[in-house]
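Residue-level listing of the chains:
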Amino acid sequence: MSHTNTTRRRDSDSARARAAALRTDQARRERRRRIVVIASSIVTVLAVVAVIVVVGTTSKSGSTSSSPSTRSPASAALVAAVTGVPGATLDAVGPGTATMPKAVSDAALTANGKPLVLYVGAEFCPYCAASRWALVEALSRFGTFAGLQQTASGAKDTYPDTPTFTFHGTTYESGTIALVARELQNRDGAQLDSISSADAALWHRYTGQGAYPFLDIAGKYVEVGKTVDPGLLSGLTAEDIAQRLSNPADPVAKAIDGQANVITAAICSATGNAPAAVCTAPGVMAAARALHG
Amino acid sequence: MAELSSAPRWAPWVTLPLAVIGLALSVYLTVVHYTEPTALACPATGAIDCTKVTTSAQSSLFGVPVALAGAVYFLAMTLLLLPASWRSRSRPVMLLRVGGAVAGIGMVLWLVYAEFVILHAICLWCTAVHLVTFALFVAVVAAVAWGGDVADENRPTPAMAASER
Chain A
1 MSHTNTTRRR DSDSARARAA ALRTDQARRE RRRRIVVIAS SIVTVLAVVA
51 VIVVVGTTSK SGSTSSSPST RSPASAALVA AVTGVPGATL DAVGPGTATM
101 PKAVSDAALT ANGKPLVLYV GAEFCPYCAA SRWALVEALS RFGTFAGLQQ
151 TASGAKDTYP DTPTFTFHGT TYESGTIALV ARELQNRDGA QLDSISSADA
201 ALWHRYTGQG AYPFLDIAGK YVEVGKTVDP GLLSGLTAED IAQRLSNPAD
251 PVAKAIDGQA NVITAAICSA TGNAPAAVCT APGVMAAARA LHG
Chain B
1 MAELSSAPRW APWVTLPLAV IGLALSVYLT VVHYTEPTAL ACPATGAIDC
51 TKVTTSAQSS LFGVPVALAG AVYFLAMTLL LLPASWRSRS RPVMLLRVGG
101 AVAGIGMVLW LVYAEFVILH AICLWCTAVH LVTFALFVAV VAAVAWGGDV
151 ADENRPTPAM AASER
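Residue numbers (this note's numbering), protein chains in the order written: chain A, 1 to 293; chain B, 1 to 165.
Hints are computed from structural coordinates only; laboratory data are not their basis. Note that the structure is a prediction, hence the values are computed from the model and not measured. None of the hints are false.
Simulated restraints, written as ranges between beta carbons of each label pair: (1) 102/B / 11/A: 48 to 54 Å; (2) 76/A / 28/B: 50 to 56 Å; (3) 205/A / 28/B: 23 to 29 Å; (4) 108/A / 76/B: 57 to 63 Å; (5) 47/A / 58/B: 18 to 24 Å; (6) 124/B / 17/A: 54 to 60 Å.
Heads up, simulated SDA-like pairs for lysine to any residue below, C-alpha to C-alpha not over 25 Å straight-line: (7) 156/A / 63/B; (8) 156/A / 61/B; (9) 156/A / 59/B; (10) 156/A / 112/B.
C-beta: ideal position from N, C-alpha, C; glycine also.
So that you can see chain B by itself, here it is in the shape it has in the complex (with noise of 0.2 Å):
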């Protein structure tokens, strides 16, 4: 199995942190979804209209609600950025890492997509789990580029090997 350079020491305590806040969101949505009787109403605080957002045809995905299939997701994020994921040189655990938060971003922008152009709403709840995710997704590119760099700066090149005779 290929090993990569050590991942910069802030990773974990940056982006662990990040996972946790969304998994709790996400749980606290898909509880929502599941138990909040639906008074419904239009506010008339216009665009922002978190029921609209939550009990929409684009808040289910195949099926399963999108607060539920976000809350496994960070759950699996949480595994991936504890300090044991980030210290183990697994390169399928990186590519994990990274396709996850890729995967992430990805599904974010289609949410936006949904409330702005199909919906014409935004949920504050649902924003709040779209900027962890970024937050998140900025996070682990910054890692994962900070660690590769960390191993290129330590091994000699070429030219330094050739100053050095």
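Chain A extracted, bound-state conformation (with noise of 0.2 Å):
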């Protein structure tokens, strides 16, 4: 009797014991299909982005460098039209839809005893591109380009190739006031001009870690950002914007004539109303009243 108790009871300890190692070893599987799970779920998401990410950015510069540069001499006739809209339209228009510079009472900016305008832009930028429009208009009033050119901004931004000049390589003359105006990264991005120690820091200064475009005229007004929007600008060629500058009731001539009369009034103000003809036309005094609020 004694010897079949002593036998069940080694019977139940091994049956015990290879449960437990049944359980052992399940417990094992599963911790590996848990593993297995997440591990996968993990890796494949991952993939994907990094797929993407990949895609991304060789599509981006593949398109860089297949797109060649657009820089092309701006004609004369492109130039007349933007520097010779009439007197009766730029007072038709007065301030227009213009968006007003911040007023700032920096230390005075000059350049060989003038006052200086100071722009840093970028040719990649459409906002950039859309402004260039009203500065080359209201500079033009001040003194004369030479070597202006005609681009167009980024391809792949928002508001795409839209027409314009970029100041890069171009000089200005002027008895009233010095210009500095800087491109720093071209139509695809790369660098492009440089800029002072003393202009990037008034830069940062206004745009954090850099912002496109910036102007500063003569520490009296800032302006960062967008100021003619670009979407008016869509689809026209730079031939199609230069002729509507000259219709007052036209949307693109509001926006760029009126600032460019915005500007205008400005520099006026640091230049003591001089050239008097420019900064006593009646479009440019409307544009100051609504400048000086």
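Relying on the hints, combine the two individually framed chains into one complex.
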């Protein structure tokens, strides 16, 4: 009898040990399954993200390397149309739909004893593209550009291929004001012009890590970012835009001529209203009233 | 209604904070979408351009701002990831939880595609939401995988039953 009981106990212990071993084995298999499920989920998502990032970055660089530089000398007719907008049109437009620059009380910005206008932009930037029309128009009232070139904003950016001018390689002569105009990046985003440390400090002071376009008018007025809406220029050629500047009822004229009048008024406040013929024009004076609130 | 095994104890304490963080970020982006004036400028920092991303055509889905849709999503996930929801052994609740996590990561993949391939610009705030959604996805998958295993571990197999006879 005792021999039978001992045998039964041995058999029972053995069965429990086998069951425990099976449970341990199953737990190991389940842990492995968990890890496979979790790891495969993570790897799948990361793999898809990696493919997207590679496709995105190679497609952008591919378009960059194949896009030719689109800088070309601005035609005399185009320059004449922009710099020769009839006075009657400018007076009728006044401030138009211009964005008012912000009045600041910085130390006077000068160069060679003349009030300095500082522009910092980039050729790829669509907001710079739109604003340059008004800048060229306004600055032409105080001096003369030489070597002005045409270009278009970046092909892969918002408002792609907005027709515009570029200040890269341009010279400007004026007896009244000085101009420092820098295009820091080209149409593809590559580095272009350099900027002095003093100008860079001023630019960063108002734009943080740096934003385009930036305009500082003699330490009295500052513009950052969009002024003229590049959406207004969508689908238009440079010649189309220039032609519309002479129609005071055209939204393009109201935006660009209006902004030019406001920039002119701001510059006049730094030049003591010189030259008088420019600064006392009705359109400029209307813009000045809007500028001063 | 079919019942499931209980979720691991860590599940609500890992997933719920993630959902709340995602909700906070989405609410911020929604507020910015509706209130911030569009002082648009081109950044000199190149590809990092939050304004470009948040004002793009891809920032809306069927007319609904993505930020707002994200806020609604994270609110729903917050409810599904409460401790009481995890304690519920309801299969539909589990399916909603897993489905939500999968839908969230699917949306993230689309938005990352939009940023890198279409817009060639990224928004750091949006990237933060994407990372939270990814972490939430991993945590929910892990919790579901864990919870099923707990039940299976305790359930005797035929081999165990035979060995104990």
